[in-house]
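Novice: Can you make the complete structure from the sequences, with help from the hints?
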Amino acid sequence: MRKELIVATSLTVTIIVLAYVITLGSGLGPLFNGIRPLAEVYLRTTLNPSQPSFTAMSPEGVTAIVWDYRGLDTLFETAVFYLAIIGAIAIYRGVSEKVRLNGAGVGLSMIVKVVTKVLIPINIAIATSIALHGHLTPGGGFQAGAAMAVIPMILIIAFSRYLLLDLKISKEVALAFRSIGLAGIALTAFVPILIGLLSGVNAYIMQNQLKADASFSLPAYLGDALVSGSLILYNISEYLAVTFGFSMIFLLLSIEEDIVKEQMRGDGVEH
Amino acid sequence: MDLTYLLLAVVMVFALIATYLAIVERNLVRAVVYSAVQSIAFTLALYLFRAPDIALVYLPITVGIYPAAILFLIKKTEEVEQP
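If you're matching them up, the sequences are chains A and B in order. Take 1 as the starting number for the first sequence in the numbering used here and just add one per residue. Take 1 as the starting number for the second sequence in the numbering used here and just add one per residue.
Note that these hints are calculated values from the structure, not bench results. Computed from a predicted model, the values in this text were never measured in an experiment. Built from N, CA and C at the ideal position, the CB exists for glycine as well.
Pairs of lysine-lysine, PhoX-like flavour, derived with a Cα cap of 20 Å:
(1) K75(B) with K261(A)
(2) K98(A) with K261(A)
(3) K76(B) with K98(A)
(4) K168(A) with K98(A)
(5) K76(B) with K261(A)
So the derived label-pair ranges between C-beta atoms look like this:
(6) F76(A) with E81(B): 33 to 43 Å
(7) L38(A) with Q82(B): 48 to 58 Å
(8) T4(B) with I205(A): 36 to 46 Å
(9) V201(A) with K75(B): 49 to 59 Å
(10) L8(B) with V7(A): 21 to 31 Å
(11) Q82(B) with M1(A): 14 to 24 Å
Specialist: Next comes the structure, spelled out in C-alpha cells:
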C-alpha cells in the first residue's frame, strides 16, 4: 500500500510541477500564443515560388524541415535507427527462421483472422497515403513505415510467423527491400552532385531547390502534381526501409526461444 | 481554445491513471497494456498540441510496435514480476 501511495504522489507532483513551469513560470509561456519568429521564417518560405533560393516547394513545413532545411540531421537519425537494427541482427546471427516446430503455428481464432484480413488492406492504404502525401499533409516516410510495420506484427500474432514464411517474406527478402530503401535515400542525396558534375553546374549534397550559387533544382512539379523535388523520393525510400527494417526485427523476435537456444548451442559457440 | 484545454486535462488524467496502473501492476503483460493505454492518451494530447506529425508516428510505435517487442521479450523471460 505504501509503495502505491509513493508512486501516485510522485507522479502527481511531477505533473503539477511540469505544468506550472511550462505555463505559469518562465518556461515556454502560455500555449498557442501566436507564431514564434523562427516558425514564421519557415512558414513564409516553405512553399513560396517567389523566393526560389529559400523555398522547399512543400506546403508541409515539418517534412520540409526534416528532409530539406535540416536534411543531414534526418540522414544521421536514419543511420542510428539502422545501426540499432543491425545490432539486433547481429545478436540473432546464425539463427535460421526457417526451422519449424511441429504442431505450432495454429494462430488465433477464426474471428480474429477474418478481422485481420479485413483490416490489412485498410492499413496498407493508410500507410501508403501517409508516405506518398508526406510532402503535402502531416506524415512522411518514418510515420508511414511505422504504420506499415504493424502489418507483419499483426500477421505474426493472428496467424503465426509461419504465414510470413509461406508468403516468402524471409529475413533475406526484408533485408533486400530495406537495402533498396537505404540505397534510394543515398541516391537521392547524391543525385544533385552527379547531375552537377555531368552538366558542369554547381550543386550540393541533399540539395532540393536551387540555391544562391547553385542553379540546379529537382523538379517541384510532375505534370500538375506537386512532388516537391527530393522530398517525395526521400519519403518513399524511408517508407520502404523502415517497413522492412521493423519487419525483419519481428521475424527474428518471433522465432521460438527453444529453436534459438538449440541453434546457438548447436554451433558450439560459448556466449 | 477552452475546449482544447479541457480535453487536454481529461486525456492527461487518463494518462496519469494508466501510468500509475502500469507502474504498480505485477503482471507484466497487463502492465504493457496499461502502457499502451497511456500512449493512446498521449497521442490525443499530441494532436491537441497541434503536432499531427508526431501523433502519426507515436501511435503505431507506442501502441503497436513497442508493446509487441516487449511482449516477445516477456514471453522469452517470465510473466510475473518477482517482489
